[in-house]
Amino acid sequence: MKVSYYPGCTLKTKAKDLDFYLRKCAGVLGVEVEEIENWQCCGGVFTTASDEIATKLSSVRALSEARDKGQKLLTVCSACHNVIKQTNYQIKNDADFAARANNYMQQDVPYEGEAEVVHFLELLRDEIGFDAIREKVTDALKDKKIAAYYGCLLLRPGKVMQLDDAENPSIMEELIEAMGATPVVSPYRNECCGGYVVLDDAKSAEKKSTAITENAKTMGADMIVTACPLCKYNLEKHDQSIPVVYVTELLAEALGIKEGV
Amino acid sequence: MNKKAIRDEIIHISGVNPKKCMKCGKCSGTCPSYNEMEYHPHQFVYMVESGDIEPLMHSDSLYKCLSCFACVERCPRGVEPAKIIEAVRLMTVRQQGANHLKSDAIPELLDENLPQQAIVSAMRKYSK
Ligand code: SF4
Ligand code: SF4
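Just so you know, the sequences run in chain order A and B.
Mapping to our numbering: the first sequence position 20 is 20, numbers consecutive.
Mapping to our numbering: the second sequence position 63 is 63, numbers consecutive.
Just so you know, the hints here were simulated from the structure itself, not pulled from any lab data.
Hints are supplied without guarantee of correctness; some may be wrong.
As the list claims (entries may be wrong) - Once the Cα atoms are required to be at most 30 angstroms apart in a straight line, the calculated DSSO-like pairs of lysine-lysine come out as: (1) A:207 / A:217; (2) A:237 / A:258; (3) A:16 / B:102; (4) A:16 / A:145; (5) A:159 / A:207; (6) B:128 / A:92; (7) A:207 / B:128; (8) A:203 / A:12; (9) A:2 / A:69; (10) A:16 / A:2; (11) A:203 / B:26; (12) B:20 / A:92; (13) B:23 / A:207; (14) A:24 / A:142; (15) A:14 / A:258; (16) A:14 / B:128; (17) A:72 / A:14; (18) A:92 / B:19; (19) B:102 / A:207; (20) A:203 / B:102; (21) B:20 / A:159; (22) A:136 / A:258; (23) B:128 / A:12.
Construct all of the structure, not just a fragment, from the sequences and the given hints.
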């Protein structure tokens, strides 16, 4: 299968591993990943105000390109996924926004929300299947106890994101189990790491992040897995005693296409 | 803008109907930034409803919200308080010279691991 892929700005700079191992894993799992041409930064956060148009056009462009190719639009960075998926939802459900965005863009075919946005985790669960992954993994992660950290962006708002039950998700735990490791469930797995507030109020972000890492350690985790570069940054900055790894990197290790973590 | 115009604009761009709120306080109870805030999510909702918006527009609480959507997910009435906070914040930062984070302040906030995502997100939330 072939999918359009939106990597996002952070994956080209500070989060190269997230991107590199996505491509490696997709290759081994038989998915052809075609990067969107001339994509632009999604802006990192979705603005909920209905009169914000300009800041959402980069998402609309990426979505239109996937639609034109008849492909799903694959994301992996939680922030890009959230922004693009929320923009797609708005264009489908807010006729005024759709009209204004399309009037600005003047494309041959107006974009009406036809593309489907899929996160890498959804690709693994719904297209490839956790059973297929289970068959391909080595025993590299056999003795590892891993806490999934979802954060906010992958799950909320639940009615838009629909990745999983927003209050009691299990997709990452199921993947951890399929990769041959033991999932550790922390009640803080869908609480916020502090996000961008780290730039304005570092103390506030520190409190949020350390609550998450402390709890993961208390629950017996040896490492934390995430799909978000900003979550990884916040968790690592405020607590160096537990490793935080990207989901793609961990899968590469499980598949035996990466040396160590 | 007069009080009523500001209230109408906030309700319009947020799409929130504050009348739906039953003042249960669940949004504030679940808010991870509760302790950093002078005004809490449920207060944003009823102060916008009553037109008492000036204090909110001048409060640092605008910048303490993490946009984590916990309040949106957990409000039993579907009020979506984060959207009202965002609209009040936009009313403030859209004023001339009212950017909370100025781009020339960014270089000293950088460290070698900081992802671009943090910078673009903060600029989007704090500035226009
Ligand atoms: S979105 Fe903002 S107000 Fe709502 S729970 Fe999160 S930090 Fe609190
Ligand atoms: S949770 Fe909803 S109904 Fe309860 S106080 Fe907050 S906004 Fe109002």
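ask   = Can you name, in rising order, the numbers of the hints this structure does not satisfy?
value = Every hint satisfied by this model.
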